[in-house]
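Protein chains in written order, with this note's numbering: chain A, 27 to 415; chain B, 260 to 552.
It is worth saying that the hints were derived from the structure and are not from the lab.
Mixed in with the good hints, there may be bad ones.
Claimed, not checked - Stretch by stretch, here's where chain A covers chain B in the computed footprint (C-beta under 8 Å, at least three residues): (1) 295-304; (2) 382-391; (3) 424-433; (4) 476-485; (5) 504-513.
Stated by the list, open to error - These stretches of chain A come out as covered by chain B in the derived footprint (C-beta under 8 Å, 3 or more residues): (6) 55-63; (7) 70-83; (8) 335-347; (9) 367-381.
Where is the CB? At the ideal position from N, CA and C, for every residue including glycine.
Listed below are the residues making up each chain.
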Amino acid sequence: MARYRLWPQSGLTLKQREAIWGYLFVALPMIGFVIFAAGPLIASIILSFAQWDLLRDPKWVGFDNWNTLLTLTVKHLPQEIDEATGEPLFLCARERVPQSQAREVEGQIDPRTGKAIECQPRYVRDRDVLPQGYRTALEFSLFNRRYVIGSRDPGFWEGLYNTSYMLLGIPVSMAIALLLAMALNQKIHGKSIYRMLYYLPVVLPIAATSLIWMWVYNPEFGILNYALDQLGLPSDLKWLQDRHLVKPALMIMGIWGGLGYQMLIFLAGLQGIPTQLYEAAKIDGAGMWARFRYVTWPGLTPTTFFLLVTGLIGGFQVFAQPYIMTAGGPYTASTTVVMVIWRNAFRDLQMGYASAQAWTLGVLIMAITLVNFLLARRWVYLETEGART
Amino acid sequence: MTTLRPVVRASRSLTLGNRERELLIKLLSYVVLSVGAFTMLVPFFWMLSTSFKDPHGIFKMPPQWIPDPFTTENYVKIWEKTDLARGFVNSMIIAVVSTAGEIFTSTLAGYAFARIRFKGRNVLFGLLLSTMMIPGVVTMIPAFILFKNLGWIDTWYPLIVPLLFGSSFAIFLCRQFFATLPEELADAGKVDGANQFQIYWSIFLPQAKPIIATLAVLGFIARWNDYLGPLIYVRSSDKYPIALMLTTLNTMYERQWTLLMAGSMIALLPIIILFVTLQRYFIESIALTGIKG
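So that you can see chain B by itself, here it is in the shape it has in the complex (with noise of 0.2 Å):
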């Protein structure tokens, strides 16, 4: 013991002390979060200040950060000049009516799954649930086939219609959520007599709110960023959504990059309103997927 003693006490005497320690960690910690969100928001001041720029403004060397002159001119003349305005119009209706359709179908089937005894009930929500594990670009060509036999080429059915008949995910998500609702909710219906979608519609879809805001908010931003979808399906620029029209403007005013920043930010806004506010729906929705397996 006689040896050892020195030892620790020189080793003591070189480390910081526990205090000390986590000090220095969480302040690096802070260095690194804050650095690293600076270093991702860059792109965003990037287009901002590029979005208030005079044309020739992008050219001076070394960049300016604000903009001199400042000018709203590329709002103005995206908004009035160009057809954005009609594809945020445009994506507004598709991003709400298939929204709204998929969470109707979706907490309905939700509820049923969760709640309601059926025969052949785990095997059918087995069967909704494999079809999450397909890939997309496995059913993209006959999906397309068949709505081209419907005459849905160059309407928005398409990106619509399938939604009505609810998503996996959604469903999913729902019957998670009524399986954890007390037993005895329901009870009071059924004495009262009242049917299974009177239960469900009185009830259960009250108690449904926060999942119904976190399903709108996802499948609201889904349906506006959607891509591939709008390009396979929709042909005339006056039925493009906002993403479509966007990379058209692109052809049509390369190089034009204050106004293409100033089209962005438009396309951007309602994305970043929505998530700004309503955030806490965005990180209940990743608690709910249960990744924790």
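Chain A on its own, in the form it takes in the complex (with noise of 0.2 Å):
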């Protein structure tokens, strides 16, 4: 072999020969480094300072980018007054009502629709509330009183909101993973057919999965309407069309796509919890709950940990199953923060301002983490800290 050595007489030491080796196998994973990672991640902070569609030279906006997207107003939303008896006004059946008449009209049976009336307080429109320039973001009830939050970029906030409440279905998905991965966790038959069953989902491509689940949600054909009408529940549920229902529906499929995979690591975890303990608990005349509750579960807080800082990273970057399967809508019920930053983006060539919004979700996500971190030490427990108490 000793024709291959590269320097016969270089004079350099076996070790630094060894160490120039080193740094030539690292450098090309070094310059991708620089270029895809870190050079990015600069750039886009300083994008965000920039208002630029790559058409014209970038121009230099200072926090202008930043106040329109994180400046947020809370405003109280008064009920609207009937002018002639000073009274708040309801809305009843559409129609405006004073507050005294309104209770006579409750209950009473509409002769055009045949249902009995309701009625809802008639807030002042949020436009009269809010600053020029700011439209609702979000509008909630505190102690019965009407709040409208503001903002000058509505849809990226609604974007988050409608990220945020998807992110519902981690922690479900997350113990229907660990029921399953306690169940396959004995002697059982045909271990390996359920671990792929269960697994399958997770590695197919999401651009076939959805159009699968846009067609198991079909209205009127589907399997999914199908299946509730033999079940004798409402079957005329319109999934993906319904702004009430299309969340849930979206979350269905990311907990039918992500399930495998949780419980795999929880099956994972589950096998290195050492069997002394379950036996020692056992002598202890432990029961089945006290040994989930005192053996399984604190040995399982590092898995549940690292499922739940996992899913939350992924969860909020959500893109390709709303956008296939729903562009987003109806109107925007289905449209996440990633959908709201791409179509900024790539599609209006704000490039300055999206940074902005990638900026503030990446820091978002970066936020949890740590918090999420922080909070580990409370609950999460390890077997070297444990070993030593």
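Put the complex together from the two separate chains, hints included.
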């Protein structure tokens, strides 16, 4: 092999030569790190202070993007007052009715629809309380008072709200996955088959599974509504076309697609818990619940933590499913925050503003990860610590 | 004690014995697992059955699980009349080239981080690892501008070239793997006067088959399934990978569910085959990520 030697009389020591090879081997990834990670990371901060459509030269706008994006205002939304009686107004069957009359009308049968009339408080229009340029990002009630959060970019906050709403699927999915993992963590026949069946949706292309689920959710001929009908449940649901159902529908699909991964990770976690602990607990007379509470659960906290953090990081960046299945609709009910950023950047070519949005989301994700890490010290049980006490 | 005894006896007769209880739990587990697995599979059966129906077959109520008439017409039509086949080939090329490059660079770097001593090794490795925490959405826009300036929009380069520089995740897995191999392995090579590349290539790489297989499977699937990347960079439909091609068909053949399900099946097939045959590498990759903290 001697003829392969590169530097026969170079005067370098063996160690130095080895180090040179080391730098050579990691050179490509380090260049990649600068070009595709560190560089863009810094560039997007700089971009967020500019206005740039890629056609003309970028224009520096200071904190304008950030102000537009992050300035929020919370206003109290009062109930409208009836001019004639001075009473608060209600809306009963699309008619404006003062409070005293509303009490009488409520519950009566509407001759036009044949249904009992319901009365809702009629609030002042949001644009009458919001400063100019602001639109409603979110409305909510607190202590019987109605509030409105105004923003100059309500779309972003709505996207964030929709995304956060859909994140609620993660704990549900994790609970099911844990149950399945515990069922699998016994001497069971066909273990690998079960493992495979549950894991399969995880690896499949989202483009294809999205089409499959669109067909499953089809209101007239889909299998889901048919199944609901067979069970005697309401079956005229327009899953993806109904703004109240579209988020749950996407969550169900998300659970289907992520369950197998969480189950396998939980299974790995369960197998890492020493069996002596269970035997000791049994000898101490611990019942099933006690064994779960004091052995299984503490042993699984690192796994749970890992799944929660990775789930949140992934969940905040959901894009393809709503993009393919609903295009963010109906209206904006399933528009996720990454869809908002994508539109701003690649459809409207607002590179600077979209960068500010992307950084806001990025910081939020990193902050949640960090908070999770800090909280983890309180509830995550590590074996090394346990051994000490 | 005398007062306690009857209570103990009564409770014993009420509860099941240990063996019986375990049997019951096991039975319950089978039921839960099977019902769950069946539910997971329903969308697949639904797709598969639809893809073999004729266009009127999907309107039948109650829905048919076994299509009657049974037809393979949809597969023929979607393969011959649309560009799905082209998307299939495009995806193959993109996935194979980018994954091969990713594996070569990542094994090399992983080997260096695990087995070669050089100054700043841990700092560099830490920097690489830190990129795993950057949400992709943050670097998406500057990366686009970079590729646009390079004239790479509407080419496959943005989908392939970044991976030729390796990926932090793959490098991490490789480093973990090479670190477990015994020290003596390299000695034979060193005595022969082989350089580090020769030691890597002829001694360590052959040992790394399991990790290479794992990376190959994970990489291929990630590229095959990628949607956002091609959506941003690829413009002409003849360059579309299969995922993008499929959703284009969705707008062209709206409501023609028999065709769309046949198309979905074609897009799923390579992944299903890969997954079923190489299942253990998936499972291994999960163990390798070292989630135990």
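Task: Violating hint indices (sorted, rising) - done: The structure conflicts with no hint, since it agrees with every one listed earlier.
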